[in-house]
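Q: With chain A held as given, fit chain B onto it using these hints.
Chains A and B are the protein sequences, given in the same order. Taking my numbering, the leading residue of the first sequence gets -3, the next gets one more, and so forth. Taking my numbering, the leading residue of the second sequence gets 19, the next gets one more, and so forth.
Hint data in this document are derived by calculation from the structure and do not stem from the laboratory. For every residue, glycine included, the Cβ atom is placed at its ideal position computed from N, Cα and C. Watch out, some of these pointers could steer you wrong.
As the list claims (entries may be wrong) - Label-pair distances were calculated between CB atoms; the ranges are:
hint : chain 1 : residue 1 : chain 2 : residue 2 : range
1    : A       : V(-2)     : B       : A36       : 40 to 48 Å
2    : B       : D66       : A       : E132      : 24 to 32 Å
3    : A       : R153      : B       : D52       : 36 to 44 Å
4    : B       : R32       : A       : P114      : 40 to 48 Å
5    : B       : D52       : A       : R84       : 30 to 38 Å
6    : B       : A50       : A       : E115      : 17 to 25 Å
7    : B       : L68       : A       : E132      : 42 to 50 Å
8    : B       : P60       : A       : R55       : 21 to 29 Å
9    : B       : D66       : A       : L118      : 49 to 57 Å
10   : B       : S26       : A       : R84       : 42 to 50 Å
11   : B       : P65       : A       : L79       : 36 to 44 Å
12   : B       : D56       : A       : E160      : 25 to 33 Å
13   : A       : M(-3)     : B       : L68       : 31 to 39 Å
As the list claims (entries may be wrong) - In the BS3-like style, the derived pairs of lysine-lysine whose C-alpha atoms are separated by at most 27 Å in a straight line are:
hint : chain 1 : residue 1 : chain 2 : residue 2
14   : A       : K128      : A       : K61
15   : A       : K164      : A       : K61
16   : B       : K77       : A       : K52
17   : A       : K52       : A       : K8
18   : B       : K77       : A       : K8
19   : B       : K77       : A       : K61
20   : B       : K49       : B       : K59
21   : A       : K164      : B       : K49
22   : A       : K128      : B       : K59
23   : A       : K128      : B       : K49
Stated by the list, open to error - Partner residues aside, some chain A positions facing chain B, computed with beta carbon under 8 Å:
hint : residue
24   : F54
25   : F66
26   : L82
27   : R178
28   : L181
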Amino acid sequence: MVPESDELIIHKIIAGDTGSFGQLVDRYQHQIYNLALRMVNHTEDARDITQETFIKAFRSLPDFKFQSGFRSWIHRIAANTCLDHLRRRSRDSAFKAERPPDFAGDLVENLPAPEPGPEERLIRSERQSAVKKALEMLPEAYRLPLVMQHYQGLSYREIAGALEMPEKTVATRLYRAKMMLREWLLGGDNGEVRTGENKAGGSFGRGVQAL
Amino acid sequence: MAGECRPSEEIRIRSHLAVCPGCARELEELKALDGLLDTLKPAQEPPDLLRQIMAGVEKAAGEAPALGEVIPGPGRPRPGSVRSTFPRTFRDLAAAVAVSLAISWLGGGWLGNLASYAGSGLTGAVTDYMRYTGLAMNRAQSSISAMNGEWQFKADRFKLPNNFRQGSDQQ
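The shape of chain A in the complex, shown without the other chains:
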């Protein structure tokens, strides 16, 4: 049986079948949760952001224009919810001291087979840690399109719709984001990208290249 399109489900919800909203949640909760997790680096906050995103979407469904796909639209709501969360967090100077980032969803045990040995697991763990730190260092304006493109699989057009910017800007931000990450993670030598001191510290930076 062919699954119902997002648009058909939305028509049903607008017509009064609010229970059908569960189909959309079931279809997109995984993506939205992962977007939130990559943006805020905290599982509990990612859960709250995901819930808030879908509640906002439900309330705003009558405004859905059908010109852009639902996936792009729900990502737009999620992106704004993430940014609101990060702004609130930045205002709370005690946040980091009280609630260190957790990555329970990214445990090395979640990696696919074949089962790695202890040394391989350590290397992977260090790489994951470095990538997480690098993503966290990326300014939000660059992190959002990068996460949407690399981890969510959104097209340039979908990202442009979600972030309400021209595709050209999306392309530029993706390029700059990758240049920054390349320098931080692989020790790039591009003069246009950030060359400042590594804020994340630890074994982060060129050390990853040696792994």
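A: Just chain B, lined up with the frame of chain A:
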């Protein structure tokens, strides 16, 4: 590149990479970066997330008439529905039309029975008429919007994004 450029563009880029060691090296580094980013696997959402979200949605639906244009399904009335937000004048006008239609359709033989149900059956008929008329209008409006969106989408497919070249080159 990321699968975003046209085949002709891809051929041009590949031709350039074959003769430009600098760009070829940058591409290799970007591929290595992608590999590093891939070490972060998708996280599994909490198993009760769907239930939690839907509980929040149900609460939101019950608290406020957020979907003010939504008509509740049978047996699920809630505030903010079309019935309660229709302009009174329009509602009265529609009710008058419904009564006249009912009388003309049912004919004289049914008129006596209909009169005996006055105050209950007639009210129900008018109510149902209002509900389903509103529902039909809503569906029609949604369909028109969808068609507009679909046509817009089809039209967009034939437009070359003005930044395609730049985006591809940068990748």
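Q: Determine for every hint whether it applies to the structure shown.
A: To see whether the hints hold, each was checked on the structure:
{"no.": "1", "hint": "V(-2)(A) to A36(B): 40 to 48 Å", "in the structure": "holds, 44 Å"}
{"no.": "2", "hint": "D66(B) to E132(A): 24 to 32 Å", "in the structure": "holds, 27 Å"}
{"no.": "3", "hint": "R153(A) to D52(B): 36 to 44 Å", "in the structure": "violated, 20 Å"}
{"no.": "4", "hint": "R32(B) to P114(A): 40 to 48 Å", "in the structure": "holds, 41 Å"}
{"no.": "5", "hint": "D52(B) to R84(A): 30 to 38 Å", "in the structure": "holds, 32 Å"}
{"no.": "6", "hint": "A50(B) to E115(A): 17 to 25 Å", "in the structure": "holds, 21 Å"}
{"no.": "7", "hint": "L68(B) to E132(A): 42 to 50 Å", "in the structure": "violated, 28 Å"}
{"no.": "8", "hint": "P60(B) to R55(A): 21 to 29 Å", "in the structure": "holds, 28 Å"}
{"no.": "9", "hint": "D66(B) to L118(A): 49 to 57 Å", "in the structure": "violated, 33 Å"}
{"no.": "10", "hint": "S26(B) to R84(A): 42 to 50 Å", "in the structure": "holds, 47 Å"}
{"no.": "11", "hint": "P65(B) to L79(A): 36 to 44 Å", "in the structure": "violated, 28 Å"}
{"no.": "12", "hint": "D56(B) to E160(A): 25 to 33 Å", "in the structure": "holds, 28 Å"}
{"no.": "13", "hint": "M(-3)(A) to L68(B): 31 to 39 Å", "in the structure": "violated, 21 Å"}
{"no.": "14", "hint": "K128(A) to K61(A)", "in the structure": "violated, 35 Å"}
{"no.": "15", "hint": "K164(A) to K61(A)", "in the structure": "holds, 23 Å"}
{"no.": "16", "hint": "K77(B) to K52(A)", "in the structure": "holds, 12 Å"}
{"no.": "17", "hint": "K52(A) to K8(A)", "in the structure": "holds, 18 Å"}
{"no.": "18", "hint": "K77(B) to K8(A)", "in the structure": "holds, 19 Å"}
{"no.": "19", "hint": "K77(B) to K61(A)", "in the structure": "holds, 25 Å"}
{"no.": "20", "hint": "K49(B) to K59(B)", "in the structure": "holds, 17 Å"}
{"no.": "21", "hint": "K164(A) to K49(B)", "in the structure": "holds, 22 Å"}
{"no.": "22", "hint": "K128(A) to K59(B)", "in the structure": "holds, 11 Å"}
{"no.": "23", "hint": "K128(A) to K49(B)", "in the structure": "holds, 18 Å"}
{"no.": "24", "hint": "F54", "in the structure": "holds, 5 Å"}
{"no.": "25", "hint": "F66", "in the structure": "violated, 11 Å"}
{"no.": "26", "hint": "L82", "in the structure": "violated, 18 Å"}
{"no.": "27", "hint": "R178", "in the structure": "holds, 5 Å"}
{"no.": "28", "hint": "L181", "in the structure": "holds, 6 Å"}
Consistency note: the structure conflicts with the earlier hints numbered 3, 7, 9, 11, 13, 14, 25, 26.
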